[in-house]
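**Student:** So the chains spell out like this:
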Amino acid sequence: MTDWTRSTALEMAAALQSGAVSSVALTQAHLDRIAAVDGPVHAFLHIDAEGALATAAAVDADRAAGMELPLLAGVPIAVKDLVVTKGLPTTAGSRILEGWIPPYDATVITKLKAARMPILGKTNMDEFAMGSSTEHSGYGPTHNPWDLDRIPGGSGGGSAAAIAAFEAPLAIGSDTGGSIRQPAAVTATVGVKPTYGGVSRYGAIALASSLDQLGPCGRTVEDTAALHEVMGGHDPMDATSLDEPVPACLAAARDGRENGLAGVRIGVVKELGGDGYQAGVLQRFAESLDHLRVLGADIVEVSCPSFKYALAAYYLILPSEASSNLAKFDSVRFGKRVERDTIEKTMLATRAEGFGDEVKRRIILGTYALSAGYYDAYYGSAQKVRTLIQRDFAAAFEVADVLVSPTAPTTPFKLGEKLNDPLSMYLQDVATIPVNLAGIPAMSLPSGTAPEDGLPVGIQIIAPAHEDARLYRVGAALEKALVAQWGGPLASLAPELEVTP
Amino acid sequence: MSAATHLVGYDDAMENFDPVFGIEVHVELNTKTKMFCGCENTFGNEANTQVCPVCLGLPGSMPVVNEKAVESAIRLGLSLGCSIRESSRFARKNYFYPDLAKDYQISQYDEPTSYEGSLDVVLDDGTVVTIGIERAHMEEDAGKNTHVGGTGGIQGADYSLVDYNRGGVPLVEIVTKPIEGMGIRTAEVARAYVATIRDIVRALGISDGRMEQGRLRADVNLSLRRKAGPGEDQSAIEFGKRSETKNVNSLRAVERSIHYEAGRQAALLLAGEPVVQETRFWHEDTSSTTPGRSKEEAEDYRYFPEPDLLPVEPSREWVEELRATIPEHPAKMRARLQADWGFADLEMRDAIAADALEFIAATVAAGTTPQAARKWWMGELARVANERDVSLSDLPVTVADIAELQGLIDAGTINDKLARQALEGTLAGEGSPATVVAARGLVVVSDDSALEAAVDEALASQPEVLDKIREGKIQAAGAIVGAVMKATKGQADASRVREIILARAGVEG
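Protein sequence lines, in the order shown, are assigned to chains A and B.
For what it's worth, my numbering labels the leading residue of the first sequence as 1, then goes sequentially.
For what it's worth, my numbering labels the leading residue of the second sequence as 502, then goes sequentially.
Don't read these hints as lab results, they were simulated from the structure.
Check each hint, because a few of them may be wrong.
To be verified - Selected chain A positions facing chain B (Cβ under 10 Å, derived; list incomplete):
1. Ala239
2. Asp330
3. Arg333
4. Ala369
5. Gly373
Even glycine gets a Cβ: it sits at the ideal position worked out from N, Cα and C.
Pulled out of the complex, with its shape left as it was, chain A reads as follows:
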């Protein structure tokens, strides 16, 4: 009997269409896999077996009735717990939202429902997406399926681990500074942060509104492209949503896979490499460049001198916006309430108990940075850095069609290793953060495992704003070459997880 959980999402879609499998069977297979492995992995915070199977059954019935269905109809998906789901618990990984059942759906959830995709459940994350390891979840960490003692990246470690552990073929993530891409890199999966405004943020619990973007996660570039097309598009509920057609991601991916990259100019960002990057990470990156050359691309070096300020600027802008976005968690209208004898004490006690340390750290930082007398020096200067970074990218895209770098400087570290060293944790995102500051799209895809520890390494591809399709073209071409080298998708080469009977 076929283990459908090992298939790609597009293979599942084809099997559903041909009648080789039903959506109920497919969804049940994933629910069984979750039951078998999610104990130790802990990718999920909430599983909605009933809802997923109901959607699956409805899809099967409609297909049997001969109804024309969307491409991914019946293919199950996992959703980061940052995205609000009507009737399903949504916590953003925080105890302060424990037990909250949203009365509305995020726009992307509405789109998933229109695409008829069964939602398996909500995935674990660092609290309010603050972190690079998922250790800051209020509900315990997620473990990397490649090595359960290691982190799955963050903040979207749950979504990445669920895909890497074959608990779901696809997932939705959110990326404020690398929260889709860095987990993808350290779990050998694919993740894309679309152009800012390409996917509606309505219903995504805000971390830093000017940086946040929802995006697709999958095991292959084409799967990810198919999900990107489901999620994207203009939304009148999000004032920052782009009013332009959804990029043709799937067609671009197929073009790249079939036709190679002749004449494509690929820029290697000088500042994103070298010191601070693990040897095996750099080695795999260099190998990928060789593949890209073979595929016909011209490799050029570009310099982005302002990137050295990116991390500093990011850690002013993000906490500033977050300190304001997280103010609403005040116990008055929803979520946790720690009763005290006055409203002020109740608010204080609720926030003291409900928020974790990393969240408090950033609220304090942001509150300080926005204070009268400090605003110009901190928030104001950070915005100027943002402009400089945008200029660096603009100059780089004069000579290159896409840029590349390692996604994360290291392979996944051990749980607990950096918990007491926030700065070293923040450095995980040094290569991904400039992308968010500029509002442009980027992808991480597997580039192999590091020889020294056998753990996954990712390569990042960056495109100009609105050119998300280029990521898929280049990504699919490179993926094809790498998979040929490995003899199969990297994710399938992960050590087998012990299965709970």
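Given the coordinates of chain A, work out where chain B should sit on it, guided by the hints.
**Tutor:** Structure of chain B alone, referenced to chain A:
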């Protein structure tokens, strides 16, 4: 403390000090929906029935700007002579309060839509004062707290209820520059300024401006400073510490709160005590203010650009289109109407005070003479409105009804007395005046034989009247006219009755 307990009179305060004041007016816009979501913007519904994820600030929700509110705000800015910024931004004003759903208010900070304007205000004696406008910016209203138990404040309440229906209602806040040199006329100027803003928002049709319902709210800033000595320039003397009085919800309160605050501050200063820079609250019942939070420890609102919204960038063409829709300044309009209508100053002032101008104007436009229109709106209708304790616009009568009523009089179908009965019927819901006239049979009796019989009958009981008339006391006929009118239940044509009486006396009319 001691000084605060006794007050210096307003005149004395102004005798001793030079007042400087400024006013912030909040105007609630009457758009169909709220500022940043699709919820209905109406007043007086059951608590928390006009709410959605956006105005409740639920996690994940996002604001979208109401274009109509932007249009109203720009038209108001243009009416205040302001420049309209080509690109203005919303900003978050951060503070925790239960009625503020997101715990930040979306407002505008350093880039307001409208800035640098001026407004002419006409005082009762015709003096024109020009008020500098600093800015007019858009923001959202907060919800409404009700504190139960204790003293009614949030501190010590048993519990508090929050109604978010008002949360997210669009507001424009108009801020004046400091207004100096008004001396004893400070309170009068302040009142006239707020009244002018009210008239403008009504003329624009962007708000009903009802202060008693909080649709237009004023915060009054006042400080006193030393008067300039001989040869000294008053404007070179530093401002005193100011108080900001909130909750000033009527034109009268604007005037009286300045009287009170001037007296309170003068008493402190004369006693050598400092005025504390603070927020105070106006209490209508006691005509006094009490301190709120001190501005010395004022909150830092940590303003920053609202990242969920794009800048507001009205095209020049649109702004010019909107400029063409701006009604003339209320004072100019009044001067023009007064001249056109030939009203005396007192008649005009009364009509303004009764909010009757627009009704009179519309009635005149429907073909009625200005004096007749004034007679109805300022007479019978004002009396009924007063009796029912409602405004003229709340009466169940239209401008068309009044024009029709006067038309019936002018055509001789009914007389004044019958017209009052017809109007009473209309106000009672019996239909238009013509309908009431027909239904009640209110028609002037002009059949001479019927009138002659009635006159003769009246003369029979008062025969001396004819002699008096013949002696030249023609006014004596009035008694007979009255008797005839009574006998015919008011349906007689009084002038015809009079002619018949005079004919009976053999006198020429």
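**Student:** Confirm or reject each hint.
**Tutor:** Structure-based check of each hint:
Because the closest C-beta pair between Ala239/A and chain B is about 5 Å apart, less than 10 Å, the hint holds. Because the beta carbon of Asp330/A sits about 6 Å from the nearest beta carbon in chain B, less than 10 Å, this interface hint is met. A cut of 10 Å between beta carbons decides the hint on Arg333/A: the least distance to chain B is about 6 Å, and the hint holds. Given hint, Ala369/A at the interface with chain B, holds; its Cβ is 9 Å from that chain's nearest Cβ, closer than 10 Å.
Proximity of Gly373/A to chain B holds as hinted, the smallest CB-CB distance being about 9 Å (cut-off 10 Å).
When the structure is compared with the earlier hints, no violation turns up for any of them.
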